[in-house]
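**Student:** These are the residues of each chain, in order.
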Amino acid sequence: MRGKLLKGKVHKLGDNINTDYIISGRYKFKTLDNVELAKHLLEDIHPNFYQKVSPGDFIVAGENFGCGSSREQAPLAIKYAGIGAVLAKSFARLFYRNAINVGLPIIISNTDRIKENDTILVDLAKGNISIPEQGINLSIEPFPPEILKIIEAGGLVEYFKKYGGWPLSL
Amino acid sequence: MNQTIAEKIISAHCDRKVKQGDIVIADVDFAIAQDGTAPLAIDVFRKMGQKKVFSMEKIAFFVDHSAPPPGKDISTLHKLMRDFVREQGIYFYDVGSGICHVVTTEEGHVRPGYLVVGADSHTCTYGALNSFATGVGSTDLAAVMASGKIWLRVPESIKIILSGKIPPGVYSKDIILYSMGKVGSWGAVYKSIEFEGEVIKSLSVESRFTIANMAVEMGAKTGLMQVDEKTRKWLKDKVKGEINPIFPDSGASYTKILKYDISHITPQIACPHSVDNTHPIENVEGTPVQQAFIGTCTNGRLEDLKIAASILKGRKVNPELRLIIAPASRKVYLDALREGIISQLIEAGATVVSPGCACCVGTHSGIPADGENVISTANRNFKGRMGNPDAFIYLASPATVAASSIEGKITDPRRYI
Ligand code: SF4
Numbered sequence: 001m002r003g004k005l006l007k008g009k010v011h012k013l014g015d016n017i018n019t020d021y022i023i024s025g026r027y028k029f030k031t032l033d034n035v036e037l038a039k040h041l042l043e044d045i046h047p048n049f050y051q052k053v054s055p056g057d058f059i060v061a062g063e064n065f066g067c068g069s070s071r072e073q074a075p076l077a078i079k080y081a082g083i084g085a086v087l088a089k090s091f092a093r094l095f096y097r098n099a100i101n102v103g104l105p106i107i108i109s110n111t112d113r114i115k116e117n118d119t120i121l122v123d124l125a126k127g128n129i130s131i132p133e134q135g136i137n138l139s140i141e142p143f144p145p146e147i148l149k150i151i152e153a154g155g156l157v158e159y160f161k162k163y164g165g166w167p168l169s170l
Numbered sequence: 001m002n003q004t005i006a007e008k009i010i011s012a013h014c015d016r017k018v019k020q021g022d023i024v025i026a027d028v029d030f031a032i033a034q035d036g037t038a039p040l041a042i043d044v045f046r047k048m049g050q051k052k053v054f055s056m057e058k059i060a061f062f063v064d065h066s067a068p069p070p071g072k073d074i075s076t077l078h079k080l081m082r083d084f085v086r087e088q089g090i091y092f093y094d095v096g097s098g099i100c101h102v103v104t105t106e107e108g109h110v111r112p113g114y115l116v117v118g119a120d121s122h123t124c125t126y127g128a129l130n131s132f133a134t135g136v137g138s139t140d141l142a143a144v145m146a147s148g149k150i151w152l153r154v155p156e157s158i159k160i161i162l163s164g165k166i167p168p169g170v171y172s173k174d175i176i177l178y179s180m181g182k183v184g185s186w187g188a189v190y191k192s193i194e195f196e197g198e199v200i201k202s203l204s205v206e207s208r209f210t211i212a213n214m215a216v217e218m219g220a221k222t223g224l225m226q227v228d229e230k231t232r233k234w235l236k237d238k239v240k241g242e243i244n245p246i247f248p249d250s251g252a253s254y255t256k257i258l259k260y261d262i263s264h265i266t267p268q269i270a271c272p273h274s275v276d277n278t279h280p281i282e283n284v285e286g287t288p289v290q291q292a293f294i295g296t297c298t299n300g301r302l303e304d305l306k307i308a309a310s311i312l313k314g315r316k317v318n319p320e321l322r323l324i325i326a327p328a329s330r331k332v333y334l335d336a337l338r339e340g341i342i343s344q345l346i347e348a349g350a351t352v353v354s355p356g357c358a359c360c361v362g363t364h365s366g367i368p369a370d371g372e373n374v375i376s377t378a379n380r381n382f383k384g385r386m387g388n389p390d391a392f393i394y395l396a397s398p399a400t401v402a403a404s405s406i407e408g409k410i411t412d413p414r415r416y417i
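Residue numbers (the working numbering), protein chains in the order written: chain A, 1 to 170; chain B, 1 to 417.
Looking at chain A on its own, in the form it has when it is part of the complex (with noise of 0.2 Å):
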């Protein structure tokens, strides 16, 4: 299970970044193996990208990222590089309800200061972002705790499994 503190690298990208440049649509259709699918990520724009991630890194982008198809698997693909959470200025809409369901953390927040190389941590529940080195803090609109559940439970599928269901309250 994913701790609620993260730390990690940033990997620094710019706005609308759309779903077919997360995984291009060559690979979408052609497996279903998630681990192979996070290979080819980036790639198109960034040669070598899944070479330069350690896990728990981070991708830090402007607005609108995940624009594009609905499809749940770019959401996958930077799960399954290891990516510990997406920070964005904002995100397409259903690519923010498929990370969720798919347990890859996303934040909203003022990416401005935050730059490429930079180490971060991020606190989910406190909704807490810092960069200890340059002393910034940066404060994200924490996630209510049911919907922490799912993202820490690595998915929606992984969380109907553990409890059956949905929460009693939200």
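If you are wondering where the hints come from, they were derived from the structure by calculation, not from laboratory data.
For each residue, glycine too, the CB sits at the ideal point set by N, CA and C.
Among the hints, erroneous ones may be present.
To be verified - Residues from chain B that face chain A, not an exhaustive set, calculated with beta carbons under 8 Å:
id : residue
1  : 136
2  : 138
3  : 306
4  : 348
Fit chain B with the ligand to the given chain A structure using the hints.
**Tutor:** Okay, now just chain B with the ligand, sitting in the frame of chain A:
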């Protein structure tokens, strides 16, 4: 607390008063999936360890995206859907029934105040019936099939007020394309749009569907309208019992209120490759087209076929172009047959294909050649949308598509009405 329509409908489905930004688990009144999304939803449903759907009465599957199927990969998926439907006893609309969004409304599955989810992005169409309806992923749909519930983030709302008198030759498609050009593809991301104003009131319910259908092209979660006498009349023979319309409170909070006067607009075209790349027809008139398509959940209803037939009647489709028409549902097809519309279209040289999505998404028929221009009544013109990334798609009203079919180039329909 004064609430928007979205806040009111979601509140009624989770037994507490919600506000924008809240994340809730809400009850779902109706859920749909089509042949592009249902197979994965079935797979996830099983992976969740589920055996039985929460209700047979509240779920429908549709075979519309590749109907009839072009190859055995897809017919195998259709079979998987049929087996699941038989096992679970849910509603099923097989090949030839028509497009999910059109059939769902015709069959009375949706009513005002409902919360509807669909594993298809154009589920927002039902907003025209005052229902909070939105597209979801396959995992979402599997969870809904299992539990009857979904997690939702209560959206902020934008109001779009459309005023003025609709000029001749301008239809609801032109009005939404014009608004698209103003709002932009991402102008309403995650928002609920409430469409209002004298223009909406003056439109038929069918025309209102065209507008609500394209709310998602602005990034919106849904596109809601209020119930009036026309809505009531339209619903009368489709849904039983009293309807419960939801109106926004005065003083409800909107992130933006946009006002457009459409009195002076002309027919609109969305040029390749994005829906907000809209232009008045004057800018693109004369562009040669090789394929024309009338159909889809945006503009494949009886009213649309009627407009096309009124323009094509007694005229001929240009030999440089093929015109393909897909009635949006079996009911639309039958009504159009009875009214003589289909024979007028075929006599003009149109090819009528079976009800369903047909050429819209390039999964089974009418795929354009490299370099060809297509004029279509659909809602998306992304690169590759119709099955060929090297074709160019222009979106327009049924009148504009019909007029262009006669001349073999993009044509102002006002010359033919
Ligand atoms: S007609 Fe086109 S837009 Fe509508 S549901 Fe079918 S594929 Fe989607």
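**Student:** Against this structure, judge whether each hint is valid.
**Tutor:** Results of checking the hints against the structure:
At its closest, the beta carbon of residue 136(B) sits 7 Å from a beta carbon of chain A; the interface hint therefore holds under the 8 Å criterion. Hint status for residue 138(B) relative to chain A: holds, with the closest Cβ pair at about 6 Å, below 8 Å. Given hint, residue 306(B) at the interface with chain A, is violated; its Cβ is 33 Å from that chain's nearest Cβ, farther than 8 Å. Given hint, residue 348(B) at the interface with chain A, is violated; its Cβ is 36 Å from that chain's nearest Cβ, farther than 8 Å.
Checked against the numbered hints given earlier, this structure breaks hints 3 and 4; the rest are met.
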